[in-house]
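There are 2 protein chains.
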Amino acid sequence: MGLINYPSRLLENAVNEFASLPGIGRKTALRLVMHLLSRNPDDVRRFGETIIKLRNEIKYCKKCHTISDEEICAICSDRLRDTTLLCVVESSQDVLAIENTRQYKGLYHVLGGIISPVDGIGPSSLNIDSLEKRIREGGITEIIFALSTTMEGDTTSYYLYKRLQKYNIKITTIARGVAIGDELEYTDEITLGRSIINRTPFVSPA
Amino acid sequence: MGLINYPSRLLENAVNEFASLPGIGRKTALRLVMHLLSRNPDDVRRFGETIIKLRNEIKYCKKCHTISDEEICAICSDRLRDTTLLCVVESSQDVLAIENTRQYKGLYHVLGGIISPVDGIGPSSLNIDSLEKRIREGGITEIIFALSTTMEGDTTSYYLYKRLQKYNIKITTIARGVAIGDELEYTDEITLGRSIINRTPFVSPA
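Residue numbers (the numbering used here), protein chains in the order written: chain A, 1 to 206; chain B, 1 to 206.
If we strip away everything but chain A, and leave its shape as in the complex, we get:
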């Protein structure tokens, strides 16, 4: 859909704002804006104020760099978490994804990106110094790399491995293998190959 002559500047401005979001085209933006017009004004005011407040007041945890409402996030300040385990992730979204599995009780460290020379992101742009500092402070016995299985993810894992090797800690990475529910014939060869190399003892269900 090309240029539209909107009958209203107010409408056009709102459509432009929504269309500036990733994955939202002009048609979808228009649909969302028309929906907002059908809602009551208090609802829409709360919507607008919520995102302004989020952007102005959000903090990043001083320890792990996850999104947080406080100086120290809810995970880092939770006394029930296992402080000997540290899981290294790219972003706060990855923290949410892992938290959502309810399988991990350790702490996190958000790198804030991944090494990508093409995009000009080197190790110094990432939260690696603070990671090393946390390790030097002691108490951590295992670092788990939970980075994407891409060239950049693997490069970052390898860089971190080389840099953290000198500390007396266990360094692991999350398991790569055939996803639950996936059929073997549609699994790519690299994943399937890794899943054979890293095979685990069979556990009988129930």
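These are calculated hints, taken from the structure and not from any lab test. C-beta atoms are modelled at their ideal positions from N, C-alpha and C, and glycine is treated no differently. Honestly, I wouldn't trust all of these hints.
Stated by the list, open to error - Computed cross-link-like contacts, BS3-like style, restricted to lysine-lysine with a CA-CA straight-line distance of at most 30 Å: (1) B:Lys53 - A:Lys53; (2) A:Lys59 - B:Lys27; (3) B:Lys27 - A:Lys63; (4) A:Lys105 - B:Lys27; (5) A:Lys27 - B:Lys105; (6) B:Lys59 - B:Lys133.
To be verified - Not the full set, but computed from the structure, chain B residues with beta-carbon under 8 Å of chain A: (7) Ala14; (8) His35; (9) Leu37; (10) Val44; (11) Ile51; (12) Leu54.
Starting from the structure of chain A, add chain B where the hints point.
For chain B alone, coordinates are given in the frame of chain A:
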């Protein structure tokens, strides 16, 4: 994705607002919110203020009921439009869609819905009295129905036809037929049937 334990109430609130929009799930909402966090605060403030302003200040044209910034919309107040033609549509979005074709220079009348007994929408819920008033005021020589090709759309067209028949005006409906680029074998029989009945003289291209 089930319940997530967000590390931030601010984040959770913003995700909830986006997830309340039609067609936006929680994962998409989170992606949009994370994107807003990466934008500069002034941008995000403008986004929030734009939608609040839209909802508070939007008007509906007193003549044709299209979304408008003024009491009378830009189309109704445009002296270059053909005031003898009136196109009846369901919503302001349909006005935009037709304007976007750049093929129509008449005026519009937005019904604000479509007759749908199941949803409790009868003729009295729609802008039909004001439509009749515009016709009685004179000057209009043709009414074009541009409603959806659904049971409700056809019912509404038929109802309007019966009600407006008594006025000495031409009543037409937009052409139904095989869409440009569509292949015949994949066109449903009703559309194909109508396209044969309503066939038009062949015009040689160039």
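Hint numbers not upheld by this structure, sorted from lowest to highest:
none
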